[in-house]
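J.: Respectively, the protein sequence lines represent chains A and B. All you need for this note's numbering is the position in the first sequence, starting with 1, plus 1. With this note's numbering, the residue at position 222 of the second sequence is 207, and numbering never jumps.
A couple of the hints might just be wrong.
What the hints assert, rightly or not - Once the Cα atoms are required to be at most 30 Å apart in a straight line, the calculated DSBU-like pairs of lysine-lysine come out as:
no., chain 1, residue 1, chain 2, residue 2
1, A, 194, B, 56
2, B, 50, A, 274
3, A, 352, A, 250
Keep in mind that the hints were calculated from the coordinates and are not lab data.
Residues per chain, in single letters:
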Amino acid sequence: MKTAELEISPHAKLQRSKEKQNKKNLYKAVLLDSFFVFYSILVVQRAIYYKFVLDMRSLPFSWTETAIILVISLLIGSLWALSHTSLSCRLFGIAVDTKTTKWTVELFGWFLFNITFIAGWIVTKVSIVQLFSAQGLDGAGRIFGSLFQPQFGIFDDALFAMIETIYIALLATLISIPITLILSFFSARNLMKENKFTFIIYYILRLITNFVRSIEPLVWAIIFSVWVGIGPFAGMIALLVHTIASNAKLYSEAIEGIDRGPVEAISATGANKVQVVWYAVVPQIVLPFLSFTIYRWDINVRMATIIGLVGGGGIGTMLMQYQGLARWHEVGLIVIMIAVVVWIMDYISAKIREAIY
Amino acid sequence: MILEVQNLHKIYDNGTHALKGVSFKVEEGEFLVVIGLSGSGKSTLLRCINRLIEPTSGSVNFLGKDITHLKGEELRKIKTQIGIVFQHFNLINRRSVLINVLAGKLGNVGTFNSLMGKFSDEVLEEAYKSLETVGIAEKAKVRADSLSGGQQQRVAIARSLMQNPKLLLADEPVASLDPATSNSIMQYFERINKDMGTTVICNLHFLSLVRRYATRVIALKEGNIVFEGMPNDINNTWFKTIYGEEAEEVEIR
Chain A
2 MKTAELEISP HAKLQRSKEK QNKKNLYKAV LLDSFFVFYS ILVVQRAIYY
52 KFVLDMRSLP FSWTETAIIL VISLLIGSLW ALSHTSLSCR LFGIAVDTKT
102 TKWTVELFGW FLFNITFIAG WIVTKVSIVQ LFSAQGLDGA GRIFGSLFQP
152 QFGIFDDALF AMIETIYIAL LATLISIPIT LILSFFSARN LMKENKFTFI
202 IYYILRLITN FVRSIEPLVW AIIFSVWVGI GPFAGMIALL VHTIASNAKL
252 YSEAIEGIDR GPVEAISATG ANKVQVVWYA VVPQIVLPFL SFTIYRWDIN
302 VRMATIIGLV GGGGIGTMLM QYQGLARWHE VGLIVIMIAV VVWIMDYISA
352 KIREAIY
Chain B
-14 MILEVQNLHK IYDNGTHALK GVSFKVEEGE FLVVIGLSGS GKSTLLRCIN
36 RLIEPTSGSV NFLGKDITHL KGEELRKIKT QIGIVFQHFN LINRRSVLIN
86 VLAGKLGNVG TFNSLMGKFS DEVLEEAYKS LETVGIAEKA KVRADSLSGG
136 QQQRVAIARS LMQNPKLLLA DEPVASLDPA TSNSIMQYFE RINKDMGTTV
186 ICNLHFLSLV RRYATRVIAL KEGNIVFEGM PNDINNTWFK TIYGEEAEEV
236 EIR
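Next comes chain A alone, as it looks inside the complex (with noise of 0.2 Å):
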């Protein structure tokens, strides 16, 4: 009998897990506070000094003088958040109640957002005056123009292309359907926890679909096109790698938020696990798959047309390459014909959703 090891009082270990917290949340208060600090220092000294105070072209940047400034503000970080009255302690929920915590959080807090929006204003060089001049105005009156008398002329070479990308992504979606699934089951932690190798396993797959999923899929469709080709398989793959990462997640998120109920009274029935996933597993997760597929779908026919920029083939090349040509009336066609679709395709893919609940 191993009683002694079993007789700690919850008590005790309550208490000592909150004070091991409130230690890992005093070091994260300092690294956040220094943090708060450092930029605080970079953002008024190169945004707003150098480039707006003495509109600089290019910046000035020397390792030894940004470490310096690393130093400075990890000292005036770690004694900030040591007293306890920082923002980053507030944050974490260690900081005193007092009125200096109160004004520092306020003021500080204040400042941080206040000079991140004037850095952001003047990095993205926001000009209300270029947005009205009249040069400007001129040309965008041009566009619109001619956007609004589409040139019908290319009506069935656009229409082809328009069915190029919906089959693009038809076949995207189609092909990603089992692979999603297998790979699903085996990403979904609930499945996967009891024991250490499918654990691993879990782990890995998780670790590599966020990682394709991270990656836009019009980046995907440059390095397919050069893999295979430009064209619409380049495209076509483009969006297969991108949907089994993201549907995987999905899905197996899918798996993960069943109700455990059944798989207990199956699994208690002496079932095997194969039978528990498909008679307790299964049934809850087929709508839930079916719904994110068809969006799936819709979402693919507008990322198809985005990854044709690229070189992804299907309307998108099409558009790319009579805008390259200035040829306006054209390009107001093929952007009408894209509206279209993908509102009956957001229209049709709502309606089947909703039909399927």
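Starting from the known structure of chain A, arrange chain B on it as the hints suggest.
T.: For chain B alone, kept in the frame of chain A given last:
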């Protein structure tokens, strides 16, 4: 003796010490009722018996065999002999009543056949028979989630009957049902216990139900057994020990 639990401990990952050395024996044919407040460890106890939860230490003997450390195929064979009914029924909602009942046989059907939904005529006949036992054979083709709570629980009982269980566990089977339905559900358990000779271990809340159906009672409090005896032995003093000083008995008929 069908079941012997010895010095069972369960500590959850979050540190909760749910069972603190529980020991008891169950004879064949008994209707044992486990009572106690919510959080006293009743559900944990039942789930440790059929190994839905792994006990931290101690042992569970079922039909003279130590099943505490069984794994894989052997464990599944044991599970097929122990039925369980839950408070929230735990049916597959989007499937028919019949499929739900057939699911009780999964432990004895090949993986491939069960994935294809192929069940032999004998198994199908058995499914209808267990549905008749709980009186809802006419609902066989209906979707499980279209039934009322009491009907769903009857389907759950039929599912566990498919296992021809030596031991039937019931985790607060009537806690989410109205009083009238509760009684009718308890009567099904009584009939299974008396007519088929199945041993039943049932968690219950209401003492009136306990007195009416139990042949023996165990009371849990904070993970320990504080009472073991006949249902009629639970007098007012015992009641206060089990449920606390402020508790007062309410009747359910």
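J.: Hint by hint, say whether it matches the structure.
T.: Verification of the hints:
no. : hint          : in the structure
1   : A:194 x B:56  : holds, 17 Å
2   : B:50 x A:274  : holds, 24 Å
3   : A:352 x A:250 : holds, 24 Å
Of the numbered hints listed earlier, not one is contradicted by the structure.
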